[in-house]
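Participant: Build out the structure end to end from the sequences listed, making use of the hints.
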Amino acid sequence: MSQKGSVDQQARHAALGLTDEQAVAMYETMMLARRFDERGQVLQRSGKVNFHISGITQEPSQVAMGFAMNREKDWFLPYYRDYGLVLTIGMTVKELMLALFGKGEDPNSAGRQMSAHFGCRRLRIATSSSPVTTQVPHAVGFALASKLRGEDGVAIVSFGEGSSNQGDFHEGCNFAGVQKLPVIFVCENNGYAISVPLSKQTAGRISDRALGYGFPGIRVDGHDPFEVYRVFREAHERALAGEGPTLIEIMTYRVTPHSTSDNDMAYRTKEEVDENRGKDALPVFRAYLENLGLWSEEREQALQQRIRKELDEATAYAEQAPYQAAEDAFRYVYAEDNGEVR
Amino acid sequence: MSQKGSVDQQARHAALGLTDEQAVAMYETMMLARRFDERGQVLQRSGKVNFHISGITQEPSQVAMGFAMNREKDWFLPYYRDYGLVLTIGMTVKELMLALFGKGEDPNSAGRQMSAHFGCRRLRIATSSSPVTTQVPHAVGFALASKLRGEDGVAIVSFGEGSSNQGDFHEGCNFAGVQKLPVIFVCENNGYAISVPLSKQTAGRISDRALGYGFPGIRVDGHDPFEVYRVFREAHERALAGEGPTLIEIMTYRVTPHSTSDNDMAYRTKEEVDENRGKDALPVFRAYLENLGLWSEEREQALQQRIRKELDEATAYAEQAPYQAAEDAFRYVYAEDNGEVR
Amino acid sequence: MPVIEYIDAIRLAMKEEMERDDSVFVLGEDVGLKGGVFGTTKGLQQQFGEDRAIDTPLAESAIAGVAIGAAMAGMRPIAEMQYSDFMFPAANQIISEAAKIRYRSNNDWSCPVVIRAPIGGGVFGGLYHSQCTESVFFGTPGLKIVAPATAYDAKGLLISAIRDPDPVIFFENKKCYRLVSDEVPEGEYTVPIGKANVLREGTDITVISYSMPLHFAMQAAEELSREEGIEAHILDLRTIQPLDREGILEAAARTGKVLIVHEDNKTGGIGGEVAAIIAEELLYDLDAPIRRLCGPDVPAMPYNPVGEKMFMLNKEKLKAAMLELARY
Amino acid sequence: MPVIEYIDAIRLAMKEEMERDDSVFVLGEDVGLKGGVFGTTKGLQQQFGEDRAIDTPLAESAIAGVAIGAAMAGMRPIAEMQYSDFMFPAANQIISEAAKIRYRSNNDWSCPVVIRAPIGGGVFGGLYHSQCTESVFFGTPGLKIVAPATAYDAKGLLISAIRDPDPVIFFENKKCYRLVSDEVPEGEYTVPIGKANVLREGTDITVISYSMPLHFAMQAAEELSREEGIEAHILDLRTIQPLDREGILEAAARTGKVLIVHEDNKTGGIGGEVAAIIAEELLYDLDAPIRRLCGPDVPAMPYNPVGEKMFMLNKEKLKAAMLELARY
Ligand SMILES: Cc1ncc(C[n+]2csc(CCOP(=O)(O)OP(=O)(O)O)c2C)c(N)n1
Ligand SMILES: Cc1ncc(C[n+]2csc(CCOP(=O)(O)OP(=O)(O)O)c2C)c(N)n1
Ligand SMILES: [Mg+2]
Ligand SMILES: [Mg+2]
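Chain order of the listed sequences is A, B, C and D. Each residue of the first sequence is one higher than the last, beginning at 1 in our numbering. Each residue of the second sequence is one higher than the last, beginning at 343 in our numbering. Each residue of the third sequence is one higher than the last, beginning at 685 in our numbering. Each residue of the fourth sequence is one higher than the last, beginning at 1013 in our numbering.
Treat the hints with caution; some may be incorrect.
Here are a few chain A residues that sit away from chain D, every Cβ distance over 10 Å (derived from the structure) [claimed, not checked]: (1) L123; (2) L211; (3) A287; (4) N291; (5) E298; (6) E336.
Example chain A residues on the side facing chain C (calculated, C-beta under 7 Å, incomplete) [to be verified]: (7) S109; (8) R121; (9) D168; (10) Y334; (11) A335.
Hints in this document: simulated from the structure, not taken from any laboratory. Here a beta-carbon is modelled for each residue, glycine too, at the ideal position from N, C-alpha and C.
Facilitator: And the structure:
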């Protein structure tokens, strides 16, 4: 996101139909995701939790895409780095923290799954697994259900660029293309799949693949959340208008190791990481708001305080919360009230 | 293939580097494939064999692609309609007939598999199965072996347009693109996958998919075998030059039912089929040769006689040949001389 | 009660459930206009339109995966795999996803999908149109697996499967499609998932099986009764997962001599688990070792008639094994 | 003899075989520069170059499928599945292709591929980084499956697998990687595929198992010997397919009381087949019902420590089951 004059800039979010309050809320959510993520890393390093996987610097676009969706009607199939997205559509920090600690009250899985495996029926977030890309055909299924029931919900599904090389990407996209379904396929291209760089994942462009399925593919700069918002709004409108799917490739960079189990210095340099960390869209977004008089150092401090409090409380709560009881770990293999005829 | 003046036409095959003898041999092979295929249908209808699957009107391009390859060095992974291809690279009518009858001497599988499941180490044809598209990653593996051993063999693999929607198409193509492997992916787009028309298989163009893998995708008219030959020669040269894979989509039409088990009138009209049968490249190819003085009614009659004799003999031989013995059906689950250390 | 073919029982179950419940739909390769390569879905697209009898692209992982997504969204999809041999591309969706959705979400989400797949040989289908693939999916908790042998059970179990709140794999036997006919009530009824069924009462030997081979067992039993006075007790598992432990133990205890039969190859098949259950619970009630008669341990059934016959079970093979056990 | 870790034994087997034979190469996700997510392939790319330790795209069906093609072309690929939980996308390539290539071509073609996949839990990996997936592939004729418990066997079996003319799935246990160390000869040796191994001689009960749980069994056996004077006979299957029938029957006959143990869930697991073999051949030599101690029949192991513990086997669970059987 470039720094232009303030009149131009005002035009930017307003021109996209976003109110000042929404622009501010976007920033606050990005920051919340950032701070939660950092806390996750700290908790893992200090041995309080076993594992954390980070989405740092991917949050601005995640929040932008969340703002482009309809939280009442759409279906969400995020992937494991999408803290920004799930926070935007209503998951609370406390819930994320319960998942991080693997506690019974975690709405995602009651601590059955590793953290960052999002899923919450209340929030229309489909349950997700670890094998990558399986969610792509699921999203197509949600979109198909929308179509069959005549509902106007759009399904949005995200995944990494490495994951876009799985067969399920191809099969899911192609199915949706044929049926012209209301689904948005989102590739968060952060340059690495664990240690494997983009150049070893594919010799093509992910966004170009849409052509072979007969729908638009768009590459967008993940450092420009308003542009991300714009392409998602358009994709959403196309979906609702019955014009079918869109594939959106968000260009970003994974500044953290793959997860807390990974040592990224085995396969890339600190210089490369630092250079990309410098492109972080979060301070730019803040500066944008400040330039417009929508944000200030005081508001920033208040926000940071609020977030810290929320995180502290959530951490304390999650830490003391009980695990799911051993006998409950046997439950829900099948429906428990499963009569013969229903 | 359009009918132009004879000078132009002479230019056509000669300009492609094909001798007169080669042009004639192409025609003879196309006709041999056609007659074998027709015999297969007759044998099935008369109850002599259980099953036949036809490649009628797809043979001209199959023969053209076979002529563009190197039979000594390349690896072949044909699909079940590729009689034209396997006859071009050395499989005999007798061998095909043994497969059709499922007899023990069949080099493809000793009658273990249904006919048209090609495979013959002697001819560098990899063994194939029924689940579609699994051969695509195999071809990439053959090409990788070529590369690792520093050999100059190219792998060629074909499949239908329906099959191109399987995950294995995507994963195989993408892998080959990254590694710039010497492989040619051939989609024989005949408009149907059993009953499902192209429009329900994909909303895109198969050839366009190559873009997303970073290599050229070419659509070619299957009714123009010389043009088919040309694009395959180019792809072959690119492969040998280390420039990587090519995806070639041959536009053709399936004039027969899917197989002898199918009734195509349940899902398409006779008019549609007849119209397409009218586009058959075989008589056009003959006229081309005749115009050039390379072919005549007498040669045609001699050819037909030769083919009929070959087919009759092969049929008689295959019909009386024994099935694999029951006790042999238990063999070759594993290598029989499997010592512990080899 | 009308006598109808097994294949029609399957078709009727789908048709009636689609009439009853708008959320039921079928999807798969050639299931629409053509009505399926076997004709199982014939007429459904004509009656319910293209949206509820969907001809999909040739991509099994998508067929399963899209059905799973739609099921999570509240629909009741019936996904057809054209042959069970072709369901392996969907293995990840079935095993990693469908089977684990309820468990991993702690009951927040569910996946009421039915996956229909024809099993079995004897149709000159060769290695890849004849397989019994049930043992690959058997043992994956979260899945239910049924495999009816009669038209009555086919309809009743398919209706149960469609209404079941969890994923059900419905293995229909392609050899039964037109060879098996029996009395099937018009209209709605269900056969419970998880309950085995005694097809024949007997006192000498117990045969435990499912799907097509039961018909060979029944024929052999009649002959053995007539010719040798041997009375076989025959149990149709009907549901492979969850197995009806009580039903199995009861049937085994009845005679103390057990023969387990399936067309799937022996090693690693359902029969091993059935034998293990009996060996765990009933050891002292047995009067003979637990026998299994199954397909041989070769990768799949050859196409040529000699090889096919070598692989397939038939009345003679059953009769010989039953007689030998009775005489033990 | 040097004592080395299980993971190093695996790495050394690959390294030495790659030195010996140019046609051996490894491919998989992160196996190159990073040396694998567990470090199993560390140093191979540095030593053998990018072409022989290939970082592939994230696509298991291609990893298996490309390896299969290369194997048909005469190479000796070692395909790594990052976790066995992630090998289901490759199920079709493994079951429909690798397993059937020799058979379907009547011995004209072969597929000497090794597919390595880490199994097992207890690493806080949750539902999808802990599974034992062997029962899905078990029972597919044409595949060989090994699952070593010691560093010695890991190296010797992996060398055998690489040299084997047929496809071998090599299930390495991720919990063993660094917890298990034992004496491993420097340089080349092989452990035969298809042969079980008696880890401990005993006269009271027989424990049959494979992979990690054997270590719990050995610990429990020592304690039971010390504390109760109970002597357990412990058989390590090592190869799951083809099972060593003779070895199994001999071990079972030794004590007449058999406990079969595996971490994979009970129903449909290898234990069912082992029990069935014994029930088929040795019924009258048994002094107790055949017991199985296995993972519970839930879809997979929970992430949280309570759930993980509920699922995992350990010395105490083994000891209790062994004691109960001994007292039967
Ligand atoms: C089917 C499957 N194979 C392997 C893995 C292990 N794995 C987890 S994340 C990951 C890399 C994913 O890379 P990408 O899709 O680019 O997403 P990113 O993590 O970079 O956001 C791998 C290989 C997995 N989860 N699923
Ligand atoms: C994985 C798999 N699913 C289904 C089938 C059944 N089947 C055999 S051929 C075919 C259609 C193939 O269509 P296409 O790829 O266009 O090739 P064509 O037959 O038209 O040449 C189908 C569905 C199969 N063989 N493999
Ligand atoms: Mg990435
Ligand atoms: Mg086609």
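Participant: List in ascending order the numbers of the hints, as given earlier, that are violated by the structure.
Facilitator: none
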